[in-house]
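4 protein chains.
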Amino acid sequence: MHSVSSIQENAFQALDSFQIEIPSWGFANTGTRFGKFLQPAAASTLEEKFSDAGMVHKLTGITPTMALHVLWDLPNGLSDAATIKTLEKQYNIASGSINPNLFQDQEYKFGSLCNPSAEIRGKAFAHLLDSVAIARELGSRDISLWMPDGSNYPGTQSMRRRIEWLEEALQRTHAALAPNQRLLIEYKPFEPAFYHTDIADWGMAAHLAMHTGPQAVVLVDTGHHYAAQNIEQIVTWLLHLNLLGGFHFNDRRYADDDLTLGSIDPYQIFRIFHEIHLSGPKALLQTAFMIDQSHNLKGKMEAMIQTVATAQELWLKAALVDREALAKLQTSCDLISSEELFRDAFWTDVRPLVREWRRLRGLPEDPLAALKESGYVDRIARERGGKLAAVSSYA
Amino acid sequence: MHSVSSIQENAFQALDSFQIEIPSWGFANTGTRFGKFLQPAAASTLEEKFSDAGMVHKLTGITPTMALHVLWDLPNGLSDAATIKTLEKQYNIASGSINPNLFQDQEYKFGSLCNPSAEIRGKAFAHLLDSVAIARELGSRDISLWMPDGSNYPGTQSMRRRIEWLEEALQRTHAALAPNQRLLIEYKPFEPAFYHTDIADWGMAAHLAMHTGPQAVVLVDTGHHYAAQNIEQIVTWLLHLNLLGGFHFNDRRYADDDLTLGSIDPYQIFRIFHEIHLSGPKALLQTAFMIDQSHNLKGKMEAMIQTVATAQELWLKAALVDREALAKLQTSCDLISSEELFRDAFWTDVRPLVREWRRLRGLPEDPLAALKESGYVDRIARERGGKLAAVSSYA
Amino acid sequence: MHSVSSIQENAFQALDSFQIEIPSWGFANTGTRFGKFLQPAAASTLEEKFSDAGMVHKLTGITPTMALHVLWDLPNGLSDAATIKTLEKQYNIASGSINPNLFQDQEYKFGSLCNPSAEIRGKAFAHLLDSVAIARELGSRDISLWMPDGSNYPGTQSMRRRIEWLEEALQRTHAALAPNQRLLIEYKPFEPAFYHTDIADWGMAAHLAMHTGPQAVVLVDTGHHYAAQNIEQIVTWLLHLNLLGGFHFNDRRYADDDLTLGSIDPYQIFRIFHEIHLSGPKALLQTAFMIDQSHNLKGKMEAMIQTVATAQELWLKAALVDREALAKLQTSCDLISSEELFRDAFWTDVRPLVREWRRLRGLPEDPLAALKESGYVDRIARERGGKLAAVSSYA
Amino acid sequence: MHSVSSIQENAFQALDSFQIEIPSWGFANTGTRFGKFLQPAAASTLEEKFSDAGMVHKLTGITPTMALHVLWDLPNGLSDAATIKTLEKQYNIASGSINPNLFQDQEYKFGSLCNPSAEIRGKAFAHLLDSVAIARELGSRDISLWMPDGSNYPGTQSMRRRIEWLEEALQRTHAALAPNQRLLIEYKPFEPAFYHTDIADWGMAAHLAMHTGPQAVVLVDTGHHYAAQNIEQIVTWLLHLNLLGGFHFNDRRYADDDLTLGSIDPYQIFRIFHEIHLSGPKALLQTAFMIDQSHNLKGKMEAMIQTVATAQELWLKAALVDREALAKLQTSCDLISSEELFRDAFWTDVRPLVREWRRLRGLPEDPLAALKESGYVDRIARERGGKLAAVSSYA
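Residue numbers (full-length UniProt numbering), protein chains in the order written: chain A, 1 to 395; chain B, 1 to 395; chain C, 1 to 395; chain D, 1 to 395.
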């Protein structure tokens, strides 16, 4: 049994160790294939995104970086880097992972790095090199590669050839990395391709990472799995193989729904965090926690802060597991005792601990309430709403 | 054992009985939430859609009607009906089912007929009445109601209250139907709402249909089911309850992928058709066969013709099952004999029979080849492609 | 905001209202198709099961009834009722729901009530009548009907005919019910039949219940759903239709795994309980809460007590939702506020409240610890272990 | 376009190249956790299994080997090898893959090679060594390792530690292999363990194989996947990595239902076979085709012959794909042409070709009919039925 003060000490240490990256696209309007619902407070310029991210960091204290999307945030490529550096200082937010875009161009209809056309593959590869250069210029460690490539119908593409093209492109990209950079390889079982996706599961991503080189690792998006798949076991394997690069967090009920982290199955996130805690501080350093959500209906700012707070609470719950005692119970196969010990941490109401930690760090105890009091959302809705009207008339 | 000529007679009768409705939106550009891939030959005007549908009917002979989407095809509502009647004659295609749109307007963010706001529910209801009036004016029997309503997060809406609102709206819609009209109620387990969808499965749709009135029936979209769900059993139940109104056909591997019918699991469509054949000619008359697909990557015209031909072949295969002999084997629980008899029809290559039937009906024996020879797609791509460039520069 | 004392009052009222039925087969050895793991403390006689159930009730105070399985617990049918009445008094446990067995007899290979053979259907029907008579004799309100019928291969059975046979059998069973008895109709999508199950989902069960008569209702087994299905929505519909009869609680990751309630997804059980709380005291009276689990690896007694305590805690969490405030937030579509209010109850650590309630009711505050202290499991393991050896040598 | 005679030549070559292994346990009674349905013609002795397998081979000509299960077929281990050699000659069936059993012993309750107890791990390892020795003695190339290990509840076992124990055991087993032997590592996502399975997917199996050594490869059981998983893509990856060892074929609708190959989704098997054909003769030599089914309801002999014939037909269909033409269409991204070409082979009725091949090889043209005419099943049912009665009275 731990004393109250040692629990608090342990808790504060866990809270101090936890940061999570927010995505620039989480502040913009998003939707489904059936349409977007527009929000007056949504960000549409890069400065608006930096402003919003800065506000989230000011209120939560644990989101110092923002993931950037090359096509949307740096439409002019490397030459936009200078603007970004100014915004970083102005809004106290550093650039985080750099996300290439290999799905939007009409030429990528039949694939990007796996396209049967050598010319289109070359174009996609050039975009990867640009992304690496941008990341280097901005001091970003991670390039997050999501490959939308695949096919919709059996027999219409050679899955085998496409593996070879992919391996080649990734190796060549790896050669362009600076020593401190990493290539994060994401997997996804379906969408936007429906029959086959070239990097469909963690096994494919892991093999590609190993084949690519030592700076290539795997990115786990919690929404990119089959129903009922045990994600924490995959995380365990990636940790074991020293291949875990980071997470794109979100939640879902059916497909890649990009809902708020922990909104459907909070126990699962707790179990994932437990595996990270188990692996010690070195694993933590190498694991990028990132949010990847679509706030179609919820207010953008509110949803982001809610997400950050939820992640923080679940991280803390997982930290409170008495891992030493648990290991003993696991070894003796005392199922119910180990389960009860494990869940005791999950059921502990950690919210008072988090509030106290925030107070001591000079942060608002309730960031959602602080956002409301700040009047920030009302202000940006007024300022940005005019643009909304224009877009709305088109849609 | 049946003689060759009786098989052919049976086959031709089955082919004569089969027609399938094509959707106007199947000729337009579609995509995923990650973007659209634009096709030069895609239709964007109503006349282009009628032209394309007319060409499909000319080549296949079994698609005399086209489903219309109120918002996209009749943007001015009832006053567009006159134009449509002209196009019907011009292109030899009649209006088919009428599809209201309850998802695109910004006001429907939190629902249409199930919105907590009485005002928005009223607006959605008014759109339904308009759709009924349009259908009546165009002589369409069926109004196909797909309700996108739902919620994304547990606890954020009262599922219970929303049932009541829905029941009321459907009953009032039913009151507006002409005696020969039907309201087809579609169900879908997820998307665009992710946590709960107000009409999520056939059980909910069937209860709503029964509660609504005798002209309300259920619409089965083959892509709107949980993985591994036995769709032909649901069809059987709806036939038993006299509640089957029709189908939206498509195929999928994971979610509602809207792929070509039979492209992933052709055996399933065969089994569904078998249940219709079992139920006799009256059931057939009351069952609307309709296509609902998104041809994101395939050529629109080619995909539509391929779909129609595939449906026709699977319908014929199912017709060839010796249902009398099968019933006896099923009663005696002779599993392997009944399965072999059932599959014998599936494995029979019916393509020669279909070609012969087409020849006798004055149709091209190979409609895909005939489309190519006609030069139709090249021509419309040239004519419509100009518009594409404009759109493309925006995207 | 509620005061502390009103929260406690509300909580104690909720705890007083909650009872859950334990199954006799939960104390016996169970396994998978790959084999059973035998436990020395497992019950094999009816008296042992009553003894175990009595101990669970003594320690938890909320399990006054035990579900009985006709074939296993009353092998001689009605003539075993007298013995049971004696055991009821001896161990302070009343008979709960009566469970017919329609799967074990070799004659049921191709179905019971849906078997193509009228003779076998008749035998199954007779077993139902026996079960009704047993229930009446034991004063049991509920007969829980789980139908394992189905087929393994497409085309081998007529799904349509089987519906008719089933409807007839259920109507005739209903005619035999005493006025205060109910027939609970369970559904299950697969296993032990793999291609089609005659009562596969809630829609089929609900139609059968409506067709059968006013005393027929639906039984929801939480493990009998497709992956990702929204069970609380189904519960909401059944409540709306006045067709919810009760639950078989358990949890699962993939199929019908019969794991401990809440062990995989506790938030789901909370959401189900919320719908019951919403529906008021009359719905609660008509809803039978029952456990249906297979404790293959966990100790039987420990697992049962853990389950009961978990159900009690989740029931209490759901009771703490401020339903009035929630309704207002839902009406105004304030998504994040409603979600936070809803989850506030879930995250509240209710264990101190439950312990206090137990103390006041004269129950052990920690029933698992009390079980250990009692030495009960060690004692029965010693007493029953001898029999185990004999079985073990056979296996 | 190929000429008729070149198609036939190609077809006969494909048929000559195809053999499939039948499992000894496919002739024995099997069931679900709810019970076994007993068949009078089921085999219960090893000789009966050899006899049945010999009959299948006599009638089909393509099943020269039978997989053996160590615990069930060699209860005395190596000392049973002599008996087996006699039976091999007597019934013209060679021993195929050797299957260890790590799930049946009571000691394996919490795992075998992954059990926290070093003693039990040691016992499991010893059983593996015995299996290797048996395989060597019988001249079997393949040891098929299915690991049932896992856990039922989160937090009750250390998934991380168990990986380490597993890696060690597999490496030590590899050291015992003769140069021509292989260790086939099977994966399975769930059952009999429900929360986590130690080798849950192909990614885990592939990493274990690579870590274990050059003679370790992966075994793909078609029923061991998540719903909607693209199995042919996994096969493609394993071929690319030179890690495909073989298949356990069966079909399923929901879980690991062990139904007849191709009975639910025949198109999937066709697509898998296509990937093998694509990979050339060397890949074929290294790929063990094996059946792993439970014929709970179908007659054992009939089901086995039906399975072999279905596999043969689907293999032939896949062989008929014009792979050269397909590759060109895939490269030019002509989706519909490539799909139509691919499916043309699937829709071709190959049954006449197979009958002709059988006739030329001196085999019965219709093996199911030949089985019936032979009177074999009636005879063994009479001979073995007596034993059934005894068993039946126990169950």
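Quick caveat, the hints were computed from the structure, so don't treat them as lab data. Mixed in with the good hints there might be a few duds.
[Claimed, not checked] The calculated lysine to any residue pairs, modelled on SDA-like cross-linking and capped at a C-alpha distance of 20 Å, are: (1) K109(C) with R355(D); (2) K89(B) with L78(B); (3) K36(C) with A381(D); (4) K109(D) with S332(A); (5) K328(B) with K109(C); (6) K372(C) with E191(A); (7) K58(B) with D16(B); (8) K36(B) with S332(A); (9) K85(C) with L71(C); (10) K85(B) with D16(B); (11) K282(A) with F12(A); (12) K36(B) with I120(A); (13) K372(D) with T348(D).
[What the hints assert, rightly or not] Derived CB-CB ranges, DEER-like: (14) L129(B) with D378(A): 42 to 48 Å; (15) A133(B) with K372(A): 41 to 47 Å; (16) G122(B) with R361(C): 15 to 21 Å; (17) K282(A) with N10(C): 46 to 52 Å; (18) A118(C) with D344(A): 55 to 61 Å; (19) Q13(C) with D344(A): 25 to 31 Å; (20) D349(C) with K372(A): 22 to 28 Å.
Backbone N, C-alpha and C define an ideal beta-carbon position, used for all residues, glycine too.
Mind listing which of the numbered hints don't hold for this structure, in increasing order?
1, 3, 6, 8, 10, 13, 14, 16
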